[in-house]
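*Asks:* Chain by chain, the residues:
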Amino acid sequence: MAQWNDYHHEDEDVDGEERDESGVDYKSTGRDSLVFLVDASKEMFIMGEDEEPSPFDMTMQCVRSVYTSKIISSDKDLVALVFYGTEQSKNPRNSFKHVYIYHDLDLPGARRVQDVDGLRGEKGAQVAGETMGSGNTNLGEALWCCSNLYSDIKLRLSHKRLMIFTCRDTPHGGDSERDRQARTKASDLKETGVVIDLMHLMKPGGFDVSLFFCDVVSPPEDEAELGLQMEPCGKLEDLQKRVRAKEMKKRSVARLNLCLGEGMNVAVGVYITALQARKPNAIKLYRDNNEPVRTKTRLYHTQTGSLLLPSDTKRVQVYAGRQIVMEKDEVDVIKKFSDPGLELIGFKPMERLKLHHHLRSAVFIYPEEEMVTGSACVFTALLRRCSVRNVFALCKYTRIRNSPPRFLALVPQKEEVDDGQAQIAAPGFHGIFLPYADDIRTLDTPQLPTASESQVDKMKEIVHKLRFKYRSDAFENPVLQQHYRNLEALALDLMAPEHIEDLTMPNVNMIDQRLGSLAQEFRDLVYPADYNPEGKTAPKRKPAEAAGGTEKKPKVEMSEDELRGHVQKGNLGKLTVPVLKDACKQFGVKVTGTKKQELIDALTAQLTK
Amino acid sequence: MARSAKTALVLCLDVGFSMSNSAPGQEPPFQQAKKVIQKFVQRQVFAENKDELGLVLFGSDNTKNNLAKDDQYQNISVHRQLMIPNFELLEEIQNDVHPGSQQADWLDALVVCMDLLQNETLGKKYERLNIVMLTDLNTPSSPDQLDIIIGNLKRAGITLQFFLPFPVDGGGSNPPHGGKALSREQQQGLEMTKQVMMSLDEEDGLEEVYTFSDAIEKLSVFKRVEKRPMAWPCTLTIGSSLAIKIVGYKAVCEERPRKSWSVVDAQTHQKDDIKRDVVYCLNDDEETEVQKDDTIQGYRYGSDIVPFSKVDQDQMKYKTDGKSFAVLGFTKQSMINRHQFVGTQVLKVFAPKDDEHAGVALSGLIRALDDLKMVAVVRYVYARNGNPQLGAAFPCIKEKYECLVYIQLPFMEDLRQYSFPSLENNKKYTPSEDQLSAVDSLIDSMMLVEEDKDGVKKDLFKVNHIPNPQYQRLFQCLHHRAVNPSAPLPPMDPWLTTALQRPLAVATRCQAPLEILKKKFPLKEVVKKKELKTSKELFGNSTEEPDAKKAKVDEEEDFNLADITEGSITQVGSVDPARDFRTLIRQKSLPFGEVCQQLTGRIEQLLGNKNMNYYIKCIPCIQTFREQSVQVGNADHYNSYIQSLKTSIPVRGLQEFWDMLVQDALTLINKDEVEGSTFSSHDAKQFLTAGEKKEEVVAAVVDDTGDVDDLLDMM
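Chains as they are written, first to last, in the UniProt record's numbering: chain P, 1 to 609; chain W, 1 to 715.
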């Protein structure tokens with residue numbers, strides 16, 4: 001922690017590993033794609049009660065937030081925006097009527113975000129009306145059109161998702177021919193691996209999924225008889241939450257066996273549910289055309305100049321002056337302890353899991369029935385009993401072949417759903433990484449007096465005044481947001497980047513107001529009158545602070561007499577440099593140097609005149 | 001504190017002949033003691049500190065020390081003066097230190113060590129002087145000098161440690177090792193040892209007497225060099241008017257190796273012989289190289305690439321105004337999900353050591369939070385140019401201290417809100433009562449925390465007491481390779497393997513419940529078809545029928561990559577029925593008739609939509625159907641389908657589609673094409689035209705899909 005740079009480097013190191021762990025390698029898995037198929041019928045533009053935005057407006061806000069979040073967190077994913085039930089048509093051969101492709105399947109960029117912005121609000125509705133209008137609905141054609149979008153993509157797509165946003169449960173108004181056509185097309189799409197979701201919005205009288213859409217959307221993953229029947233979304237927040245939950249493909253970083261004992265292997269997937277999003281690395285561009293350049297790293301021999309293959313090199317570390325040489329393979333194999341997997345060590349009561357035993361983001365463990373049938377049942381039984389008995393399972397975790405083992409505390413989490421039947425907590429185990437002896441540092445703890453009851457009570461009042469409901473998704477990362485706003489502004493030639501609201505800043509005014517006199521009362525209880533909690537502990541920093549803030553200076557102003565006394569006695573040397581400097585200022589003594597002797601000399605000269 | 005503070009230490013090893021004596025089947029004390037020394041020196045070498053080490057052997061055949069005169073201080077040899085330990089010393093210990101055939105008084109040896117320490121540390125600064133005595137105490141020694149020696153030790157500030165083959169308190173009456181009672185000399189020596197140790201440190205003196213086996217176990221663990229915790233002074237603020245001075249320390253953080261591997265030339269082992277060089281090149285065919293100076297910095301913004309110079313970036317980026325630990329508000333501890341912790345460290349936050357008032361104020365906050373079961377949500381900034389974090393400060397009250405525990409919380413961008421299929425609502429996965437109780441007994445048998453008879457809870461597996469196995473293994477290998485450069489790497493230390501396994505007691509206890517569990521829960525590994533294909537089908541038969549394989553490959557080139565990537569086709573799908581059909585025919589995994597039936601089913605389904613787009617899709621299906629039938633030499637299915645299709649045209653109002661068939665001349669397969677066909681080429685031609693003349697009867701659109709099934713039945 002000595003240097004910021006050190007600190008930063010450490011972070012980067014970890015980053016490398018984490019990136020490893022997130023395991024999203026597009027080369028091997030292909031890209032994710034998402035098509036927004038949005039109803040543009042008149043009903044979608046009707047404003048809700050209490051100034052609720054219209055379903056269309058809500059959808060556009062959602063689309064926008066997905067666009068921007070894709071740019072930030074998964075910039076290789078493809079996204080498309082298609083409207084159906086429009087008056088105008090716009091698609092490659094214009095063979096589909098009343099289908100308007102607003103954005104082709106592609107990476108979202110600044111321009112697209114701006115486009116979607118243009119469709120928001122009242123103005124947006126107007127724009128939509130002018131460019132597309134509302135007309136007949138033929139969902140079958142729309143779906144067909146979307147399937148062409150997928151097939152036109154030359155890249156390999158790993159995950160294909162289509163989200164239908166609508167507030168009409170009978171889009172064809174009872175035209176069974178069209179209904180059937182849509183169903184057929186939907187099943188075609190599903191067959192090619194497209195997952196169709198319905199983001200149904202509030203409709204007066206309720207949205208009845210069973211009338212039509214139940215046959216169109218993909219069945220829930222679990223094929224359970226009691227699949228979650230979701231209520232329609234009435235609020236933007238709910239819609240966003242629902243879209244966000246589906247928008248990203250669940251990708252396991254590893255599929256492993258959870259070994260309960262010899263011959264008892266349960267297949268599980270390991271997922272990452274929280275991972276620090278970071279600013280992406282800069283890319284190098286050629287100055288003349290702003291095209292990215294590729295970098296090639298070459299290894300060559302200094303003497304002969306010949307290029308070296310990795311096999312022409314070895315690895316060394318030096319200890320006590322001796323160079324210890326190993327092959328690259330040996331360096332790798334040293335890290336190998338056991339085959340990839342999770343090995344159950346035993347169980348411990350929950351209270352044995354220490355809060356401060358935290359090393360990195362946890363992983364989430366969920367059964368993989370497709371690998372070992374019967375896994376889900378064992379897993380469910382284990383989950384239930386661990387949860388009821390309030391114990392966690394301790395496991396040894398080896399992620400890949402040459403990764404050294406780590407121990408995980410598998411903490412059970414039961415499924416929870418909200419009022420709208422949307423899942424807020426998934427069933428499974430959270431894997432908490434536990435520290436080894438080396439990871440825990442010994443600190444000398446200061447011996448200090450503790451607070452009295454009245455002091456604690458006063459603080460309780462303060463705490464009480466400043467209570468709020470923490471939500472993990474309520475805070476945006478201001479650094480990232482600023483970075484992307486900057487890029488957005490540059491990409492769109494905006495005068496200035498859009499202002500960001502920094503939610504990590506305390507709302508000082510509000511806090512002060514809520515506390516009122518409480519802060520002063522607490523201060524009076526714990527601090528003596530002459531104590532300044534904001535003063536720096538190190539006295540040498542005082543002048544620096546004095547230069548900045550002028551209001552509080554508990555400085556020792558020395559009277560002229562006092563100083564003269566020092567000069568006469570010749571013990572100016574006992575004063576500190578800052579005091580001497582202040583004295584110089586006080587008496588208007590100009591000093592050229594900052595050395596103590598120079599200060600003393602200057603002062604003596606001045607005062608003995 | 002002076003970082004350079006170092007220790008001077010003399011290892012004093014008894015190599016006298018009694019050290020080689022041992023009960024049958026037991027390792028002689030000499031070997032044990034040698035191991036202790038090796039492990040210790042090894043640890044010192046890798047710790048790379050400035051501590052100096054000397055080695056004195058006594059009972060050796062030769063004599064080499066400053067005090068030796070006449071018959072005094074004989075058979076005591078200073079093997080190595082005080083030096084920073086290195087691999088040479090390790091090698092010497094391994095190769096040159098052998099048991100001797102003499103005996104020497106361990107008190108004499110102690111005096112030699114003291115002399116060595118005092119002479120060689122003269123005028124230099126050491127934090128600690130220490131002598132480590134490894135002996136079996138099996139030599140008669142004269143206690144008359146004892147008081148003088150103790151006095152000298154005290155005066156010089158030298159500390160003493162003893163390593164013995166037997167425990168100090170097990171004493172004479174209760175022989176601890178191998179049933180061999182202590183000799184008279186040993187008992188006497190033990191008494192003297194106790195006397196020395198107690199007089200140096202009345203209370204804890206005996207704690208510095210160890211047994212060899214204990215020491216080997218402890219020293220086997222490579223101790224990482226302790227990093228001095230760096231203080232992070234800051235001010236905790238609540239609004240503008242409440243501030244508490246604090247100091248934060250990293251308390252938990254993944255420790256990484258201090259050294260990394262550097263790359264050297266394989267032949268010369270010289271780092272300087274290798275140069276790494278990065279070149280930039282354009283993305284064109286020639287891969288034109290460009291100079292680094294001709295490149296600028298940019299970022300991706302989705303599909304856009306935005307040039308963004310470092311200067312601009314620095315100017316526009318988010319800036320913080322210095323370190324901060326500012327409270328945003330307080331929330332219930334239950335609102336913070338432990339699994340959402342992010343970041344790679346945990347900070348413990350105290351008040352500054354010398355600031356009582358801050359201590360009281362912070363204690364007030366900690367206790368208030370603890371009582372209310374709440375946490376402070378804070379904005380944390382490490383330094384001026386650091387990124388702000390959001391985190392939770394939990395109260396932590398321990399017997400000896402109080403502090404806040406700070407852990408970073410996620411930003412919205414960090415979260416991936418996946419939803420997973422329910423496990424509760426799925427009947428297939430619901431375990432029976434029977435199964436649940438089997439799991440229960442497994443949990444019972446595998447509890448790692450148990451109460452002993454005094455009600456004290458004992459944890460059998462404390463992860464935070466295990467040294468990171470990665471480093472243990474790394475140092476083991478480094479050491480081995482340093483001393484034996486050409487030997488292969490050693491196997492893993494057994495103690496390390498054991499330390500990472502289920503404790504033996506638990507492993508035995510859970511056997512029975514595990515067997516029951518296995519019976520109650522059937523598990524079956526799913527064998528993936530894909531995997532089979534790659535391993536067996538592709539390589540397995542390649543030697544037997546090389547021609548067939550080649551033909552297969554040739555054929556495969558016609559098919560696009562999607563075929564392979566989409567996985568194996570098992571039936572005719574609705575997306576590209578023609579392609580699926582072709583593939584299935586080629587694979588021959590299904591009988592021809594069945595594949596034809598699947599295809600016609602799809603065609604009927606498509607025709608059911610009565611839409612031009614669907615008709616267009618049907619044409620290639622029929623084309624392929626015909627083509628493949630001719631190739632296979634079986635016209636029956638095709639001909640009978642086309643015939644029945646024709647008859648149904650008027651009823652189903654498919655005239656438009658029929659016209660398209662006529663246009664593409666998709667007629668019956670005739671005798672010339674396939675021998676088995678019953679039609680001549682003339683018949684076949686007639687077949688199409690004949691239809692045209694038929695009057696367009698009632699094009700009553702039958703909406704029902706029922707007719708499709710009927711049609712299929714007819715075939």
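Any given hint might turn out to be false.
Claimed, not checked - Footprint (simulated), chain P over chain W, 3 or more residues, beta carbon under 8 Å:
#1 281 to 294
#2 420 to 429
#3 438 to 447
What the hints assert, rightly or not - Computed far set for chain P versus chain W, every beta-carbon distance over 10 Å:
#4 43
#5 108
#6 601
Source of the hints: derived by calculation from the structure; they are not laboratory data. Fair warning: this is a prediction, and the values are worked out from it, not measured in the lab. By construction, the Cβ of each residue, glycine as well, lies at the ideal position given by its N, Cα and C atoms.
*Asks:* Each of the hints needs a verdict: does it hold here or not?
*Replies:* Hint by hint, here is what the structure shows:
no.: 1; hint: 281 to 294; in the structure: holds (count 6)
no.: 2; hint: 420 to 429; in the structure: holds (count 10)
no.: 3; hint: 438 to 447; in the structure: holds (count 7)
no.: 4; hint: 43; in the structure: holds (26 Å)
no.: 5; hint: 108; in the structure: violated (4 Å)
no.: 6; hint: 601; in the structure: holds (33 Å)
Hint violations for this structure: number 5 only, all remaining hints satisfied.
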